[in-house]
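There are 4 protein chains.
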Amino acid sequence: MTVRVGILGATGYTALELLKILVRHPEVEITALTTRQEDRPHISAIHPQFHKVLDLRLENWGPQEVAQHCNCVFGCLPHAASASVIPEFLEAGLKVVDLSADYRLNDPAVYTQWYGGDHPDAERMKTTVYGLPELFRKGIAEAQLVANPGCYPTGVTLALAPLLKNGFIRADGIIADCKSGASGAGRTPKMATLYPECNESFTAYGVGTHRHMPEIEQNLTVYAGKPASVIFTPHLVPMDRGILSTCYALPDNDASEKELLSLLEETYANEPFVRVRSDLPATKHVSGTNFCDITVRRVKDRVLTISAIDNLVKGASGAAVQNFNLMYGFAETTALL
Amino acid sequence: MTVRVGILGATGYTALELLKILVRHPEVEITALTTRQEDRPHISAIHPQFHKVLDLRLENWGPQEVAQHCNCVFGCLPHAASASVIPEFLEAGLKVVDLSADYRLNDPAVYTQWYGGDHPDAERMKTTVYGLPELFRKGIAEAQLVANPGCYPTGVTLALAPLLKNGFIRADGIIADCKSGASGAGRTPKMATLYPECNESFTAYGVGTHRHMPEIEQNLTVYAGKPASVIFTPHLVPMDRGILSTCYALPDNDASEKELLSLLEETYANEPFVRVRSDLPATKHVSGTNFCDITVRRVKDRVLTISAIDNLVKGASGAAVQNFNLMYGFAETTALL
Amino acid sequence: MTVRVGILGATGYTALELLKILVRHPEVEITALTTRQEDRPHISAIHPQFHKVLDLRLENWGPQEVAQHCNCVFGCLPHAASASVIPEFLEAGLKVVDLSADYRLNDPAVYTQWYGGDHPDAERMKTTVYGLPELFRKGIAEAQLVANPGCYPTGVTLALAPLLKNGFIRADGIIADCKSGASGAGRTPKMATLYPECNESFTAYGVGTHRHMPEIEQNLTVYAGKPASVIFTPHLVPMDRGILSTCYALPDNDASEKELLSLLEETYANEPFVRVRSDLPATKHVSGTNFCDITVRRVKDRVLTISAIDNLVKGASGAAVQNFNLMYGFAETTALL
Amino acid sequence: MTVRVGILGATGYTALELLKILVRHPEVEITALTTRQEDRPHISAIHPQFHKVLDLRLENWGPQEVAQHCNCVFGCLPHAASASVIPEFLEAGLKVVDLSADYRLNDPAVYTQWYGGDHPDAERMKTTVYGLPELFRKGIAEAQLVANPGCYPTGVTLALAPLLKNGFIRADGIIADCKSGASGAGRTPKMATLYPECNESFTAYGVGTHRHMPEIEQNLTVYAGKPASVIFTPHLVPMDRGILSTCYALPDNDASEKELLSLLEETYANEPFVRVRSDLPATKHVSGTNFCDITVRRVKDRVLTISAIDNLVKGASGAAVQNFNLMYGFAETTALL
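Residue numbers (the numbering used here), protein chains in the order written: chain A, 5 to 341; chain B, 5 to 341; chain C, 5 to 341; chain D, 5 to 341.
No lab work stands behind these hints: they were computed from the structure. Note that the structure is a prediction, hence the values are computed from the model and not measured. Mixed in with the good hints there might be a few duds.
Because identical chains share one entry, a pair is satisfied inside a single copy or across any pair of copies.
[What the hints assert, rightly or not] Computed list of lysine-lysine pairs in DSSO-like fashion (alpha-carbon distance at most 30 Å, straight line):
no.: 1; residue 1: 304; residue 2: 169
no.: 2; residue 1: 230; residue 2: 304
no.: 3; residue 1: 194; residue 2: 130
no.: 4; residue 1: 262; residue 2: 169
The following block holds chain A by itself, in its conformation from the complex (with noise of 0.2 Å):
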């Protein structure tokens, strides 16, 4: 069975590393990209890497030519404008990832609060699974709607939510200091992501502020099964791909280093990709690979997650595609190997 996969917003760094994979998925064909510029640029001349792979002009179209193209889209558009246009596809019977942000949250106001302005499509965003397989593998694969998690809730939520439902660490005082690649910034020229800018230099941004605080707070939420309150600091880094989060939560029990490791390696030891490390994790180990590494510390009265992946590939576009194997029901780690 092949697929008719379209793609939403094709320009960006997440559509990039969509099609790379896509490309190399042996149920896949790819019968539409989408773009608001007007003059059917050619793939090769948007991402340059796909000359001679990828014979395709992006469209300047709407739900409806899509539509007639696809079976399922991958919604690579800014917020507020992916829901709006989302419930046409939907309606039209495709299946739809959206690697917006428009579906993670489920609670409305909580959206408004930190995205401004009402939800487009506000019943819906209640109810959409939140495609993260380790943790909502059964309603991933039954959904016709998924929404793809972003990329520092990833980390963060992987490293943690086995230690909160096991009553291993509390749910209130958790920081997550994190740090990404610049890729995670988009491909908009913006004076703050010039390369003389970033490189060689290191900052937080988004201190107390960042859109994803409130979604990792409702991913560990479910899993404490308690109200969690977490501290989240995005820092930028001078590489191109890569998260490593650093957390710090308060122990809820007198779990040893070697008992939450242990925990953590029995939890993962079926998922394809969560490899649970003794070691550290480094980003460059899981560079262009949809693999999360953790690790687990006991240092002092503190007990420590560090977690890595790689935010275009596990933190967006990878998860996408593992999303689409379940939504299919095909071999999950189909193209992500």
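Got chain A; can you put chains B, C and D on it based on the hints?
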């Protein structure tokens, strides 16, 4: 007055940076550079930056030969090696700024616990002044020997000390999540600091075991007036120089963010090298300078400080010259602006 | 059919890249990895990328032990060491792709001049096929031993060979100004490739003395049908991977830029891994791929070619698998797209 | 004597570097910084490096207002814009160092060919002195207006001029293969200079069309005493600053490598900022300095020169201050060592 100055162990990055500063210092004549190499290499063969700038050879000299040429030495030797030779310089009447870790701690037992072995000069270490001018200016000015602070402790201490001293934050439960450029790892060839290992990677190291942890705690204990407890997590950033320290502390009063910032601004109003900012510091803004940029934030139930230094300047060689200026009564900013 | 494959010298960057490709190869079982280390390290201790991916230890095996486990070996040994052991593998009936320089040249005197010492297997080197499929596909398919090309010679030869063969440029007076990422310098700790030495620096090296110069000249001489003379200047770029080669040649006819481009396009129209472009190649566009991107320009009295490869893929391990595919009759692109 | 100095167009990287140098200059008072922005931003909001260092706002001033505050201006305006306002400053009696390209060429027709449009001040451009002190020191000292050289032309000219002047190389058939850090592309947001586009990539640009080509040819023609012909190929290096120029020329006599090196050493023996080296220059060795490092090699039938500068210092702002020092009779190295 011209001070004849020597550098012990002149082949590494701190010595390189020290020389860059000292060649601009109007009161300094550089008269001795030492190494264990036997072949008397010209400084421009070790650091090509000094071609046509400094015409001096590195000598495999012992303390007596150095003492004949110098009034003052900067020690860039490894720990333990440093404290084994420094007593001889002091007895010969020289002033010494020691950039090694040997005289920073003042408890020999703590030294042994973290560095291993007995301290070679234990009595002296108990009373050696810690060369952070913003905190110990008077003692430095009167000292014959100054222990130059570690890079990480400098950034963390300058951010937290005023908050502790004035009862704004608690001394326990402090987290210092710090990120350093690769020059901090030194110039000795190791696989871990090869370009293709560090580049495009981000990782933690020395989690819970780094030797700067007790140094930070010693500093903060002085300011808190009670034992401070710090979890210190260093990370390696793919850049040459710079340290950003993100610290999380529990508030000990109900001061607002504005009041926290005002306290820092007042504390450092007359300090030439500490800049309190309302926006977020970046290592690039202090690169190549002796500045420490600091801000403070109130996020949920925590006080956050973010500080940036150049690890080779304010975190090592710039601070060393600042101490030198104080020890000789020169204007503190000489050669540093 | 599954080929049991071994890698000789599996600790470096070419072996790492080879393994990344081979784990995706549907016809390959990796059965042996060798090292001189005695402690049988697990592959994930050497290359943490293979944690949970490849469960194999590196063995200090000699040819006989390797031959018992494998049908084919990839040699990632240093020059001279490689040609000292490869004859034993060939006698044992194995196929060999040698990534060292030992069998690339076919004149033992030239080898001695550039590499020093007598060649350990001089007779065989004279007739070993040079593993550039675009030029020697038929010979590779029939060979038991293939000499995998050097990284720089690959990019330069693919750009210039068609122009020489068709009489568009002269064989003398060629200049190849080439720029490579730091992974080309290998994984052995050296001061010159420490992060703080390479980063934020650009330099030439091996000017007039690099061993790829005679290899390039040998290749171009075959195509010109007369002795080619090349000045080859390699440079080190602060990036992990990629080679850009800017070549300057004297035209030997009055072809326009358009005609030059057409010649290249026609030559490579059916080549799966050579992409002729009208715009300028960038190493990023071929990073992680087996592609060679080429363009050509006419500037004043010169023909310029600019070609880009990933030095670790098309310049080493990808080419090795391409050769392997040909030697075993697999589709040439298997595991490489 | 204190000179009141202004910078026209103070928001970019050359202005930033100029300010870093000027704040150290003992004879300079910075009195005006201009921008087209209307909101009078503080310099520390544009360049946070100057927090607590320089207390000045950028003003949207025209020539008359600037002239009221300054004795001398440095022009960091775009080409054409620069020559449109500079005549007013000159008429008001100010001295001007123009860092734009407007007065570098001395043939209006060549200007029109490469920059487009008529030159706004064509008569003056014909006679404006070219601010390369090593070649035109006397003219600079007497000038009211100096055209500060382009970054690429500086490195290429300093390497080749002595060889041309003394008949060691031919004026035709010169190739200048140059590599620059990304700060050379300026601070205006563009997709091509976003961090994730430049980082881990190496590419050529402006092949055969870069505007520094006629500037290089004009310089070399002066020295050769006959028309020089140069093929100039610029490349973009993933680093902040630095230019390495690898030049290939045909020898015009039978001088040995040693004789070539001696000629350069003698030529530049008394130059404070040119360092002739026997080993290979690296951009890191001149980073942050006003030095130009040069070496020369004889390879086969060519003379190779390799030169390194910091594009922002010797290639722009350092050279501008060197010119300023000459124009005011200050020691040429003031604020530059």
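Results for each hint:
1. Taking CA atoms no more than 30 Å apart as the test, residue 304 paired with residue 169 passes in both settings, with 22 Å inside one copy and 23 Å between copies.
2. In this assembly of identical chains, residue 230 and residue 304 lie within 30 Å of each other by CA distance both inside one copy and across copies; the values are 25 Å within and 18 Å between.
3. In this assembly of identical chains, residue 194 and residue 130 lie within 30 Å of each other by CA distance neither inside one copy nor across copies; the values are 34 Å within and 39 Å between.
4. For the identical chains of this complex, residue 262 and residue 169 are intra-copy neighbours only, at 18 Å inside a copy versus 38 Å across copies, given an alpha-carbon limit of 30 Å.
Figure legend: structure checked against the earlier numbered hints; the only hint not met is number 3.
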